[in-house]
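4 protein chains.
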Amino acid sequence: MKSTTIIALLHGPDQPGLVSRMSSWIFQHGGNIHHADQHKDLQANIFFQRVEWSPTGDAKEEAARFRAFASEELGMNVHVALSTNWPKVALFVSRLNHCFHDLILRFKAGEMNGELACIVSNHKELQAASESYGLSYYHVPVTKANKPEAEAEQLKIVKDHGCELVVMARYMQVLSDNFLTEVDCPVINIHHSFLPAFAGGKPYHQAHERGVKLIGATAHYATAELDKGPIIHQDVIRINHRNSIPDLTRKGKDLEKTVFAHAIRLHLDNRILVYNNKTVVFD
Amino acid sequence: MKSTTIIALLHGPDQPGLVSRMSSWIFQHGGNIHHADQHKDLQANIFFQRVEWSPTGDAKEEAARFRAFASEELGMNVHVALSTNWPKVALFVSRLNHCFHDLILRFKAGEMNGELACIVSNHKELQAASESYGLSYYHVPVTKANKPEAEAEQLKIVKDHGCELVVMARYMQVLSDNFLTEVDCPVINIHHSFLPAFAGGKPYHQAHERGVKLIGATAHYATAELDKGPIIHQDVIRINHRNSIPDLTRKGKDLEKTVFAHAIRLHLDNRILVYNNKTVVFD
Amino acid sequence: MKSTTIIALLHGPDQPGLVSRMSSWIFQHGGNIHHADQHKDLQANIFFQRVEWSPTGDAKEEAARFRAFASEELGMNVHVALSTNWPKVALFVSRLNHCFHDLILRFKAGEMNGELACIVSNHKELQAASESYGLSYYHVPVTKANKPEAEAEQLKIVKDHGCELVVMARYMQVLSDNFLTEVDCPVINIHHSFLPAFAGGKPYHQAHERGVKLIGATAHYATAELDKGPIIHQDVIRINHRNSIPDLTRKGKDLEKTVFAHAIRLHLDNRILVYNNKTVVFD
Amino acid sequence: MKSTTIIALLHGPDQPGLVSRMSSWIFQHGGNIHHADQHKDLQANIFFQRVEWSPTGDAKEEAARFRAFASEELGMNVHVALSTNWPKVALFVSRLNHCFHDLILRFKAGEMNGELACIVSNHKELQAASESYGLSYYHVPVTKANKPEAEAEQLKIVKDHGCELVVMARYMQVLSDNFLTEVDCPVINIHHSFLPAFAGGKPYHQAHERGVKLIGATAHYATAELDKGPIIHQDVIRINHRNSIPDLTRKGKDLEKTVFAHAIRLHLDNRILVYNNKTVVFD
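If you read the protein sequences in the order shown, they are chains A, B, C and D. Each residue of the first sequence is one higher than the one before, counting from 922 in the numbering used here. Each residue of the second sequence is one higher than the one before, counting from 922 in the numbering used here. Each residue of the third sequence is one higher than the one before, counting from 922 in the numbering used here. Each residue of the fourth sequence is one higher than the one before, counting from 922 in the numbering used here.
This is chain A alone, in the form it adopts within the complex:
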């Protein structure tokens, strides 16, 4: 059985001795560092760190003490997590099922350090499949007219399940600025194109029209500005003139699955730090 480790993600203005002070704090509290990765943005003079260690005492208490130390004494922005404390995840879906099945099977296979708590959808198509996987399914229809009420209902579901991450698995609806503020946890989206090219809808049609030779997919954190949030992961696949739009769609689906799953795993492994609308990924 794996023992609990503490993982801290930190960033803030650089100052002399940061690595030393943090590692000494951990050492003096009996911790044993397994992995640590520091980076400095020399232009912006910002320091970034991911550090993971085994504590000797109670992991939760030790994590809280480290958080207090890093934020109060060092003035760092700090996120602290326990490796054995798996966040609950809300999966938002629509009718498209490729990311839906792929993610659920990965969670069930133990590939993800998180727990799927609920499925939320504006359609009924994936209800039976969700239930056969043993997952709670909430059907919340969304129209232009009812959007505020629908989002309030979605928020309640997310909160009631204690979710700390929302995953938009080709949910196909824009979440409002208000929702993103109120939900108060990260929201990860998959865009079916290589952003910033072909932002918006129907990217495969756009790509086919423009005659590009590679199509891509982009996983990013959702922000109020559509398709402009911090990019987590991207990949591309080669296409040619023999590929019709349905071929691009099929190739794109494979790409979306792997790019999305990788991004969610990075997040659940506490490997992503957001900063200036960009990500630092400690992989």
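Rather than coming from a laboratory, the hints here were simulated on the basis of the structure. It is possible that some hints are incorrect.
[Claimed, not checked] If you only want the chain D side, here are some residues facing chain B, beta carbon under 7 Å, derived: (1) H1022; (2) L1026; (3) K1029; (4) E1032; (5) S1053.
[What the hints assert, rightly or not] DSSO-like cross-link-like pairs, simulated, lysine-lysine; straight-line CA separation at most 27 Å: (6) B/K981 x B/K1009; (7) D/K1174 x C/K961; (8) D/K1149 x C/K1172; (9) A/K1123 x A/K1080; (10) B/K1080 x B/K1065; (11) C/K1123 x D/K961; (12) C/K1149 x D/K1077.
These numbers were taken from a predicted model, which means no experiment stands behind them. The C-beta atom is built at its ideal place from N, Cα and C for all residues, glycine as well.
Got chain A; can you put chains B, C and D on it based on the hints?
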């Protein structure tokens, strides 16, 4: 020694029996087909073909006869070339030398079915290197004021050398609509980004600012509308938060070299058919 | 609705006029060629072709007539298929479920031009999942002692379902020479390494031990000689020193899924020609 | 102008407080850490670290002090380098020139943190090109009979130039165990295949014969056991049935250039730690 083959690139409205009529023509004239690749755009009802064969008689005459047959009797757009007839190539450069050296060494190594005829530059930096490679170098300074005269001089150089292809190896200047019309041969450009993302200048700065996880390069035919010509080849390379803009530039240079060389080779192998501002690449 | 096309895969000794004679035959019988790809191995003087056309008359009869023509009059090895005639597929599995779920979901999503007819396993672990997918599951335990009887039972299942393809989705057992002969249809296997490196078992352990920087997966046709059959498709993924063997296994599973699915799709699209223990893939 | 940083690569048995003790030492000596990356092999209980910092005092003296501290007080294997202290590099070549030109142009373009000191070859073909680059060229013919004397001469050249790295740019000769011991510095080789597949000679012929779908290249440190040294970097490129052996050779050359250059850059950036015949690459 390789014997001469004839290569034909054809496209036009589909009609019954095209493959049969063309292959029968070749067979009846004593030709032996080595490779043939047909494709049909079912939506647009356009037929595309690349066919390569060994003629029995004089290759040049046979090629002319086939061209007449395909255009007059079948109503196809047709380009016919001989494998042993290497086009002369004009290389336009500025100060940046990575594509310059890379391409020249590939031509010298016999990787390209073409002949480097001349180097044209608006700067003097690469003159000595060009001459040490034994290549004719033409220094044509370009300013806002003298652009028409400069382009006239460039055109004369290209024509005097009998060039059938112009290659812009990070030439960094926009060729005018008039030049592109007058030169009357394909012009291949390398754009140091994954078009259509980050078109225009300083794409690595744009990519760094946006926080993308992959940077790319795009080889395309130059057209009057900047960075909008038919895309020939593209590729990407992974970057991360540790990469500064100079790192992106260095990684991008490697990508530009291989993407550009591949595109030029495809062109010189007569593998590219342009159609609706897109390319069909028979590779 | 897509109309039926006929697809022919041919190879044999090259002779003058093959393309012409085949395309003329198709034209004279009222067929309209959609795609055709010819290739010649100049060293071995072997001709290869994949051609796809819309017939005017009854597709099945026309296909039989073409087969007779190509084999008897042209002396070619020929495989002819109808685009609407989806082969039945037997899926052999063991306990590992990643390729199992991935393939079934792809068949259900309509990505594959075939029909999953039955699941055969030497274990019971995937029985419930198979049945929840609505698929027939046959549990055939295999031991050293009962292998001939077990294989006889497996053969009967495959034959009773009229399967024309067997897919070994990490089945983990070697099929005997006798089985491969008797089953009389292609058998596709996925090997969890980049063959020929690390053939045999535990390739991820071998890769970790050797310190390679990329791991791969290989889909190939099964032959009597283990891991030596014709390679259909391969791909690799980058690894680093932070990756433990479980990480390699997880990354490898993703690779196996996409490589395997792509190979099976190529087969079901009649894009693979086997020749000299190698494949010609018309993609 | 970039100021001097100190880079240390360390590994050894894990013990509590290593990160803390090292970073505190650096802090107490007035150093400012720019990047640090620690890794622990949990199975083998080995600790690895790359740390880079700006010293306040004399960099060379500080580096020596740190080396003494890390080896004597912490019992670590330690390599310390100054970012501004570029090692001299000996380039061994034969007749093949693709890696030769590529590397020299990269050194000249300032892409490499090292200095090309001399070219050593068993042939005369690249003498003129070397000299036109302004590089010292030593022609040392090697035969079975004179190998010991030839290697003694090569050793003397390497030592006389003060080289700290030998690069075998398709040198095509095996360096003896004795040479590798006597030269007393790392030797990097490029193998034109994806090791361990197709070790030894003519890998493209082997790959073509086996019908693989990807060919690769591997950069590794040379050891007495041929093609078995620690792997630094690998990459692959896709091939198909249309590619003849000359095509594989051409594609392979591109791969060899980029894989080799990347490996040499990693080495000159002090990013590689060798351990148990494997590398840990801090990239």
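Unsatisfied constraints (hint numbers, rising): 3, 9 and 12
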